Amino acid sequence: MKSKVKYYLISDALKAMQKYCAIDEHCQQDVRQKLQDGGMWGDDAEEVIAALISEGFINEERYSVAFATGKLRINRWGKIKIKHHLKAKGISDYCVRKALNELKEEEYLQALQKVISGKIHKPIEELTFPERQKLYTFCLSRGFESDVIAKVLRNEEK
36 MKSKVKYYLI SDALKAMQKY CAIDEHCQQD VRQKLQDGGM WGDDAEEVIA ALISEGFINE
96 ERYSVAFATG KLRINRWGKI KIKHHLKAKG ISDYCVRKAL NELKEEEYLQ ALQKVISGKI
156 HKPIEELTFP ERQKLYTFCL SRGFESDVIA KVLRNEEK
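Per the working numbering, residue 36 is the first one in the sequence shown, and the count goes up by one each step.
Because the hints were derived from the structure by calculation, they are not lab data.
No false leads were mixed into what you were given.
Only pairs whose alpha carbons sit at most 30 Å apart, straight line, appear in this in silico DSSO-like list of lysine-lysine: (1) Lys39 x Lys54; (2) Lys114 x Lys124; (3) Lys54 x Lys41; (4) Lys54 x Lys122; (5) Lys186 x Lys154; (6) Lys54 x Lys124; (7) Lys154 x Lys139; (8) Lys154 x Lys169; (9) Lys122 x Lys149; (10) Lys169 x Lys139; (11) Lys139 x Lys157; (12) Lys186 x Lys114; (13) Lys169 x Lys157; (14) Lys122 x Lys186; (15) Lys122 x Lys139; (16) Lys186 x Lys118; (17) Lys124 x Lys50; (18) Lys69 x Lys124; (19) Lys186 x Lys133; (20) Lys114 x Lys169; (21) Lys54 x Lys118; (22) Lys154 x Lys118; (23) Lys41 x Lys122; (24) Lys157 x Lys116; (25) Lys122 x Lys154; (26) Lys50 x Lys39; (27) Lys118 x Lys169; (28) Lys69 x Lys39; (29) Lys122 x Lys169; (30) Lys69 x Lys118; (31) Lys154 x Lys114; (32) Lys116 x Lys149; (33) Lys133 x Lys149; (34) Lys139 x Lys118; (35) Lys69 x Lys50; (36) Lys114 x Lys157; (37) Lys114 x Lys149; (38) Lys139 x Lys186; (39) Lys186 x Lys169; (40) Lys169 x Lys149.
None of these values were measured; they are calculated from a predicted model.
Kindly generate the complete structure, drawing on both the sequences and the hints.
Put into structure tokens, the structure is as follows:
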């Protein structure tokens, strides 16, 4: 089992976090957690984060857009669930709104349709009321808005 890396010098931590952020998009909270796991806390950790922001390794706006599009395309999450997860990571309201506005409406509706078609195995018009309720609740749990779910279900019936 690999032991956790400990950061004793700010320069070592900065190099490691530059490598970490170059591989994938990360927010401040992700980097802060990684630094804490490596034993770096407080002002030293904040100094590393500030350096990463100034060098462009961390950009919350870029991160939130990448997070939102990835969760929609890969996990098929709705806007509500994406918003809650971004807020839990400490992302600003501005960045959350920008990320949600970047999602294309057509792609968003297609994701919901894929969620629905993956959940049912018969035409929607053949579903009983309890089955429709269960499908609707499932789509809500994936973070889709109720009016969007209703719109897609109505279009599926035609």
